[in-house]
Structure formats: structure tokens, C-alpha cells
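Asks: Listed below are the residues making up each chain.
Number of protein chains: 2
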Amino acid sequence: MVIQERTQLIAEPMSQADTQQLAQTIDEALKAVDTTMYDAVDSKVTVLRDASRHILGAGGKRVRPRMMLLSYAALGGTNFDAVLPVAAAVELVHTASVVHDDINDHGVMRRGRPSVNAIWGRTFALLTGDYLFTQVYELMAPYGSEMNTILAAGTTALVEGETLQAAAVKDNNLSREIYFEIIGLKTAALFRSAAMLGSRLAGATDPVAEAFGQYGYNVGLAFQIIDDILDLIGDAEQLGKTSGIDVEQGRGIAVAYTAGNTPDNAGSSDPMVAIKQKLLQGDAIDTGRAQARQLVEMAIDALDVLPESAAKDELIALAYQVVDRDR
Amino acid sequence: MVIQERTQLIAEPMSQADTQQLAQTIDEALKAVDTTMYDAVDSKVTVLRDASRHILGAGGKRVRPRMMLLSYAALGGTNFDAVLPVAAAVELVHTASVVHDDINDHGVMRRGRPSVNAIWGRTFALLTGDYLFTQVYELMAPYGSEMNTILAAGTTALVEGETLQAAAVKDNNLSREIYFEIIGLKTAALFRSAAMLGSRLAGATDPVAEAFGQYGYNVGLAFQIIDDILDLIGDAEQLGKTSGIDVEQGRGIAVAYTAGNTPDNAGSSDPMVAIKQKLLQGDAIDTGRAQARQLVEMAIDALDVLPESAAKDELIALAYQVVDRDR
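Same order as they appear, the protein sequences are chains A and B. If you read the first sequence in our numbering, its first letter stands for residue 1, the second for the next number, and so on. If you read the second sequence in our numbering, its first letter stands for residue 1, the second for the next number, and so on.
If you're looking for bench data, these hints aren't it; they were derived computationally from the structure. What you are looking at is a predicted structure, and each value in this text was computed from that prediction instead of being measured. It is possible that part of the hints are untrue.
Partial selection, computed: residues in chain B whose CB lies under 7 Å from chain A [what the hints assert, rightly or not]:
hint, residue
1, P114
2, Y131
3, T149
4, T156
5, V159
6, L164
Idealized CB from N, CA, C, for every residue including glycine.
Based on the sequences and whatever the hints tell you, model everything.
Replies: Written out as C-alpha cells, the structure is:
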């Protein structure tokens, strides 16, 4: 009861704002998040500044900072300037991991541009990723123990998930169970942090923050399943990154498992082609999409703690966009 | 006047403790720092835990946490349990950079053991370094804005320094000036953070913390000059790491410049051999050592703000050890 009273009390002003106004506010805030990131990576060491801005300038969906800002707004938060650095930090964690990922995967394209790795080489890509992590740390330093603990947990999980994936590929023991453990760690945990941070910054109580965490976590799982499906069926041009890499790493195999398929190399000497063929023949992709939609419904259910508001509507819309996208 | 009164007031109890007691306290605290680091890297992802413990278990001089703990003690700090995570975090920043450094340098030996890179390969070494950075973040989260800002600055500088070094080698524009910029960023800044953190945790005022920062920074510069000299003249067995790598990266050239020498390849087709010959013939090494001793004297001068105490004596001893070591 206390929780309901609290969120209703805080959320009152937002629920009166209309959707259009909110959309404009969030769009402006997201532009400011980009500026915050640009400013954060203004290193006097030229290559770090240039490589960081190269990857940031390539765009990206900015789905994590959007989720964070909407979570903040959904609990009545209005002082967006005060929370921009946190939204920027969340996106920089993701960006750092992308830069390091492209080293390990030999990715040459990312977001429609050559990867940092492809332009500056491995050494500078490694250091640029490290640098982006340090700027996360710098941006978050003023936000105190609670916020830092939430983002640290998401960051640790991300690295653990990437490692678990690489280990599963190396040991050739990918299974449906391990696949879900991987995507929970490498993707869902940071989405969880994003939503929790937004809610906490607007003063969420423990149970409300936990509900936002559940929302973020399930959207994150759905996001990664769709990402893996798009990697399998999409072409590089539309995705803007080197396609097929994730398949090589076995993510695709795991997606296939989720549909009860066990792809083998029969009919093709290229395991990637074999997996694709198998998936496109069977119902694996439909099953994966259905599962992602189910996760999104669970995510939306977690928002039941909130009263109706434009921001709540946008959080629901964001969850649906995650599964209905084609890039 | 206010500063003096404050430090004298706080430092009173320590100045009565005898040196032996302090040494024992610090030794015990350093063991506890090791335990803290071991516990921090207890990932459920086996390879991250194993690789992290491999590099931590190899030892290392632990000079940064020692400096932090002594700085804390020198201002009367006695609650070592409360500051262990910070000392562990400082050492983990260094450890993370060592693991990533061995990827970029193709280092196969580190601290007398095969490097993480050599055992687990590049992908897992990269992720282990990332993981160690995330554990820095986790350990520091409870310590609030000021402490996090101090360590974030040292961490950012470290990555910038490593990058500046790689860029200088690539662009072949190493000079005495750039050499000092590099070692200031990649080494001295983290020593500065270590000393400042220790002082702040014991309640240092701004000017006192700044004095500790100066102490740490100058000891850090001296430490790196000696490190580079040892890399040039030492053999791998004594150093416990792949020797000559740093020479390849041009650090050695810079050390030579500090002595006014400009090594060229004359007399040898191997630039490393040429540099070594040049250095061993001339007075470059003596000049470098003399400069390091001068920096140590400057570091000790910065401690004039402190009253006499066993911890102050140990900080002075630590500074001398840095230049008088042979590994």
C-alpha cells in the first residue's frame, strides 16, 4: 500500500503530460546524453578521443539510456539534466563492450561504419574500450554508493556473460540453458541496471526499483533473442555490422536449440550455412520471436506497480519495439 | 596553521607506535588486501576466477596498496579493515592494466609465471582485464563520490598513458618530453591516487591530501624510470617478466634521451641490442638513476607537512626502496 501511494504521489505530474510532450522531452534528453558522452571522451590523447567519437558518432539505438530516462520519468522525475551522466554512463558500458567485442570477433563493420578495430588496430581498440570503461567510472563517481552498486553489477555481469559465451564456444557445450545464462548476463543485466537506475534516481522504494529491474531484465532478454535472430537472417548492410560473426560464436546454434532444433552440418560444409538453412526451414525463428514476445509481456506486467502515465505508455511501447524491429 | 594542527592531532597516536609494530600491522593488512582481491574475483565464470587468481597469485610488489595503507596510517588511521577494499581496488587497477598490457606487448611471462595471455589466449585475457576493472568498480562503489573521483582520475590517466606510449611508438616521435608525459600518466597518476586515497580516508584536508598526492606522484615517476632501466639491463629471470618488450616499445629510447643520449642502430641490426649497447657504454643508466633519486627526494620533501611518526618513516623508506631495488 505504501508503495502504491508513493508512486501515485510522485507520478501524478507525469500522468498529466501528454505523450507528445514526453516524446519531445526524451528526444531532447537523448541528444543531451550524446553530448555528455562526447564531452566525457574528450581525451587529450588524440587517438582515444577520435576512436571513442567514431563509435559514438555511428549512432546506435540508444535503447538503454532511453529506458533509463523513461523509468525516471515514469516515477515523476523531471530534472533530466541531473541524470544525463548516468544515462551516458550506461550507454558507455555498452559501447565499451562493443569495441572489445569487435576485437574478439574480428568484426570489421559496426553500426554501418568500419569498427574501431578495423581502423585503429587491435592495440588502440583495446585501449579505447578500456578508456570508455574509465569514463563510465568518472561519470558515475558523483552519484554515490547505491547508483554505483547498481551499475557495477550490470557491468560485471556483462563481462561475465561475454566470457561465458566465449567459453561455451571454445568448449563446444552451448545448450539452451547456457544460452539463457549468457544472454541474462551479457545483455539483460545491463538493461536491468538501466531501468533500476532511472527509478532510483526518481526516488523509487526497494520493491518499485525491483519491479523496474524485472521490466529491464525481461526486455533485455527479448532484445538479445531478436538480435541473434536478426544476425542469422539479416544481411550486413541492414544490420550495419559484420553479420554471421555471432553465428560463428554459436549464438545461432543456441537460438536454434530454443526451438528444439539441433542443426548439424548435413547438406553443407559450412556450419554457418547449415545452421541458417536449418533455421530457415524449421520454425526456430518463429519460436524465438514468440518467446521474445512472451518475455516482453512479462516485462510489461512488472510495470503494474505504476499508475497510468505517458511515460509508462512509452516504456510499454519501447518493449514492443524491441521485438518488432528489423535491425 | 590549521593544517598542521589537524595532522598533529590525528597523527599523535601513530607517532607513539614503534616501527616494528607498524611493520607488522601493515604486513597483516597487505595479506588481508590479497584476501580481499581473491574474494573480489570469485566469479561463477570459472575462467575469469582462475585467470584473475593466477595473476594475483603470482605476487607482485604490492607497492601501491602499501603506499595507500601507510598514507592512511601516517595521518592516524587505525581502522584498516574499513580501507582494505580501497587498497585492493588500487592494486586491481594496476593488475588489470598488466593483463591488457601483456596482450598488446605479446608478453608471455609476468611475475615469473606465464602471462594470462600465454595460458588462456587473447580473448580471455582481454575479458579478464575487463573483469578486473569491473571489480575495481564494485569494490569502490560504497566509498562515495570523493574517493571514486580520486581513483577514477588515476585509472583514466593510466589508460591515457598506455595509449600515448603506443601512439608515440607507432608515430616514432618519442622524446624526453613525451616520455615524461607517458610515465606521469601511466604510472605516477595511480601512485598519486593511492597516496591521496589513504590520506583522505584518514580525514586529510585538501592541502594535506595534495601533499600526499605530490609524494605519490614523484615516487611513481621514480618507480617507472627504475622499471625501464631494469628492463634494459635486467634479465628476464630476475625480473619475472618478458624482458626487452618495453625496449621494443621504445621506453628504452626515452630513458636514453633522459641522459642526453640518442641511440641509433649503428653497430647492430637489432635496435634493441643497439640501444642496450649504447646505454651500457654511456652514463645513461647512472643519469636515469640519479634523476629517480632526485624525484624521491622531492617526494619526501612533500611529507614535511607531517609530524614525525613510524608511518612517515616507512613512507620515506618506501620511496628509497623504489630506487634501490633490482627487480
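Asks: Flag every earlier hint the structure violates by its number, smallest first.
Replies: 1
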